[in-house]
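*Asks:* Listed below, chain by chain, are the residues.
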Amino acid sequence: ETGVTQSPTHLIKTRGQQVTLRCSSQSGHNTVSWYQQALGQGPQFIFQYYREEENGRGNFPPRFSGLQFPNYSSELNVNALELDDSALYLCASSRLGSGNYQETQYFGPGTRLLVL
Amino acid sequence: QKEVEQNSGPLSVPEGAIASLNCTYSDRGSQSFFWYRQYSGKSPELIMSIYSNGDKEDGRFTAQLNKASQYVSLLIRDSQPSDSATYLCAAYGSSNTGKLIFGQGTTLQVKP
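So the sequence lines, in the order shown, correspond to chains A and B.
Everything in the first sequence is counted per the working numbering, starting at 6 for the first residue and increasing by one.
Everything in the second sequence is counted per the working numbering, starting at 1072 for the first residue and increasing by one.
Excised from the complex, chain A in its bound form (with noise of 0.2 angstroms):
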């Protein structure tokens, strides 16, 4: 156990609505990354929160948005689904150290969304 949690566990959506994902961080820890997962593919960045801003990001469009809380949880939102969407959603917190260090990131147990 990592001591990161999510929520929901699993998720049902159709095409077109819109999913708020929820991560709570290990304690001590002060950045939430996102990753989707699909069935056989290794998980793929989001973006990572840092002091409640986005400190980075990867190939995702601006559909899948997010928050960082002042008690370092977590929101990943996704407007209009789409049938790709389904997939994996992980959260994984770590501390981003001085100078600019990233330490190891531990996962949560995960989201699992289906878009019908």
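Just so you know, the hints here were simulated from the structure itself, not pulled from any lab data.
This structure is a prediction, so every number in the text was calculated from the model and none was measured.
Output of the computed footprint for chain B on chain A, the stretches with three or more beta carbons under 8 angstroms from beta carbons of chain B:
{"hint": "1", "region": "34-45"}
{"hint": "2", "region": "54-61"}
{"hint": "3", "region": "95-101"}
Partial pick of chain B residues on the chain A-facing surface, computed with a CB cut under 7 angstroms:
{"hint": "4", "residue": "K1170"}
{"hint": "5", "residue": "L1171"}
{"hint": "6", "residue": "G1174"}
Residues of chain A clear of chain B, computed beta-carbon distances all greater than 10 angstroms:
{"hint": "7", "residue": "G8"}
{"hint": "8", "residue": "S12"}
{"hint": "9", "residue": "P13"}
{"hint": "10", "residue": "K18"}
{"hint": "11", "residue": "T19"}
{"hint": "12", "residue": "R27"}
{"hint": "13", "residue": "P66"}
{"hint": "14", "residue": "R68"}
{"hint": "15", "residue": "F69"}
{"hint": "16", "residue": "L72"}
{"hint": "17", "residue": "F74"}
{"hint": "18", "residue": "N76"}
{"hint": "19", "residue": "S78"}
{"hint": "20", "residue": "E80"}
{"hint": "21", "residue": "D89"}
{"hint": "22", "residue": "L121"}
Ideal Cβ positions, reconstructed from N, Cα and C, are used throughout, including at glycine.
Starting from the known structure of chain A, arrange chain B on it as the hints suggest.
*Replies:* Chain B only, in chain A's frame:
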């Protein structure tokens, strides 16, 4: 060329044997490397991190890093059926955005 490449397998080894998993990366600026294990339907679980050239051992696991060859490997000694999973190699890119770049994973099957 993929940024982090792994052979998808499956790699099949008998129980008690050594399993050798390999990974190459393209970004010469990458400094931190990780091996995660992922059981079917579960999330990635950290096994090892490695930052310096050479070997790093933790129990039955040994990670090896060769930055000149841009090569990372994971050896699992005395493989057990419970080691059957997908092993993901990951590296931080040099951009320091928190982006972990993953390979597609190697599926390991340990046969009793």
